[in-house]
Amino acid sequence: MQNDMKPNATSAATGAMPLLRAVDVHKSYDRLEVLKGISMDVEQGEVLALIGASGSGKTTFLRCINLLEEFQQGEIDLDGEPIGYRMTGGRRRKISEAALSAQRARIGMVFQSFNLFPHMTAEQNVMLGLTKVRGKPAAEARDIARHWLERVGLAERRGHYPFQLSGGQQQRVAIARAVAMEPRLVLFDEVTSALDPELVAEVLGVMQDLARSGMTMIVVSHEMLFVREVASRVVFMDGGHVVAQGPPQELFRDPESERLRSFLGRFHGVFS
Amino acid sequence: MAERTFWTELWNAKWALLDGIAITTELSAYVVVASTILGLLGGLVLVYGWRPAALLVRLYVDVMRGIPVLVLILFWYYGLALFKINIPAFWAGVIALAGFATAHMSEIVRGAIQSVPAGQSEAAKAIGLRFWQRLRYVILPQATRRVLPPWVNTAVEMVKATTLLSIIGVVELLLATQQTIARNYMVIQFYLAATLLYFILNFAISRLGALLERRFAYMRY
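From first to last, the protein sequence lines stand for chains A and B. First residue of the first sequence: 135, per the working numbering; consecutive thereafter. First residue of the second sequence: 327, per the working numbering; consecutive thereafter.
Certain hints may be false.
Said to hold, decoys possible - Ranges between beta-carbon positions, derived for each pair: (1) 272/A x 411/B: 52 to 60 Å; (2) 289/A x 348/B: 52 to 60 Å; (3) 359/B x 281/A: 38 to 46 Å; (4) 381/B x 224/A: 29 to 37 Å; (5) 332/A x 532/B: 43 to 51 Å; (6) 344/B x 298/A: 46 to 54 Å.
Hints in this document: simulated from the structure, not taken from any laboratory. Here the structure is a predicted model, which is why all the values come from computation and not from measurement. Ideal Cβ placement from N, Cα and C applies to all residues, glycine included.
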């Protein structure tokens with residue numbers, strides 16, 4: 135439909151289809167419009183950081199990508215396939231529950247509040263999607279789960295229940311649960327905001343490791359040092375719009391937008 | 327003639343009382359099982375159901391909760407007889423009590439499901455689980471733990487409510503006791519005996535509930 139629109143120059147330059155493309159996404163809660171036409175491309179292997187004040191719409195947009203939030207207008211494509219909606223006979227319809235679940239299985243998500251399943255051990259948390267969604271035999275799923283728990287540094291904690299783990303450990307299990315599914319991209323929704331400061335580093339370390347391994351990531355974060363260090367591109371949102379975007383070095387050194395300048399000014403000392 | 331004591335009278339009445347216990351147990355089992363299954367369905371419809379269906383269940387729950395159980399029992403037994411529909415007293419009782427308990431169970435299940443944090447459902451969606459999978463592997467195991475205490479409560483209430491069926495002539499434990507008393511005039515002794523039997527039955531259900539609660543407790547501090 136609107137695929138001839140080029141919201142971002144990067145894919146036009148390379149000619150390849152972006153991994154994720156959002157075109158003119160609008161989202162309202164009743165009368166309140168929280169996304170006012172968001173367009174962006176995310177390339178394979180990119181680490182895209184979404185920054186902005188609370189209420190700017192960054193988390194809402196992130197949740198639209200795997201349709202935890204519905205949106206009323208626009209389109210989000212994963213590998214060229216529209217997520218959640220299809221145009222049939224000129225009308226926009228939601229796709230079936232089965233089709234939507236299959237799409238979601240290709241998108242990992244890590245939440246601010248971890249959301250581990252409390253009645254399952256760390257290992258069972260990671261295994262659930264592998265056995266029930268990917269249809270892997272239990273033994274293979276267990277091997278994969280153990281591999282990823284080891285990768286996030288929790289090999290010895292695999293038999294622990296979430297309530298027996300610290301916040302940082304729970305979040306690392308949640309990351310293992312998301313990436314074990316081998317998703318096309320992983321969404322991180324303020325994943326360190328609920329953690330004690332001394333636990334933030336261990337989670338960011340795991341994310342940095344993933345970024346280096348070439349995982350495509352979209353990260354909503356207030357950790358500006360992490361964003362500057364790890365993100366390949368930063369998108370600054372304000373009032374439901376994308377206000378500025380670019381590589382972190384350029385964007386942070388010389389912000390053109392007045393809004394971005396005042397936003398960054400609050401992270402005093404980080405960018406001096 | 328031998329002396330008439332409580333124990334000799336109890337011995338004489340043993341079959342009548344055992345039959346009474348059997349009927350009470352049978353009634354209770356039908357009512358609890360039926361209302362648990364229907365209540366699970368009702369609760370699911372209340373939370374996830376198509377809107378008109380959910381409204382229908384909501385109406386049912388509110389109406390049922392507003393009517394005294396005794397009135398329901400009289401309706402199913404005498405009320406339907408007016409329209410030439412005759413249901414045996416036993417089954418009229420089961421329908422009346424199960425119908426009433428279903429309303430309570432539906433609310434219990436609804437509350438338990440809704441008390442599972444929204445993040446659980448979101449996390450289950452995010453890994454690609456479909457609706458019934460989310461329910462089976464993520465939501466219901468957590469809801470079960472919250473269902474158990476009020477479920478035990480309702481089950482015990484229903485065992486006690488079976489005594490109301492003595493009014494329509496179901497010879498359950500209370501009526502069997504009363505019939506025994508009518509023969510031997512040992513009022514206090516036999517009512518106390520019946521009380522003890524009801525207590526044992528209900529205590530067993532409470533213990534079963536406590537056992538299940540431990541089984542489903544995933545927070546062990």
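Evaluated hints:
The hint said 52 to 60 Å for the Cβ distance between residue 272/A and residue 411/B, and at roughly 53 Å that hint holds. Checked against the hint of 52 to 60 Å, the C-beta distance between residue 289/A and residue 348/B comes to roughly 57 Å, which is consistent with it. Between residue 359/B and residue 281/A, the C-beta spacing of about 45 Å keeps the proposed range 38 to 46 Å intact. Checking the proposed 29 to 37 Å range against residue 381/B and residue 224/A shows it holds: the Cβ atoms sit about 33 Å from each other.
As the Cβ distance of residue 332/A to residue 532/B is approximately 46 Å, the hint placing it in 43 to 51 Å holds. For the pair residue 344/B and residue 298/A, the supplied restraint of 46 to 54 Å holds, since their beta-carbon distance comes to about 50 Å.
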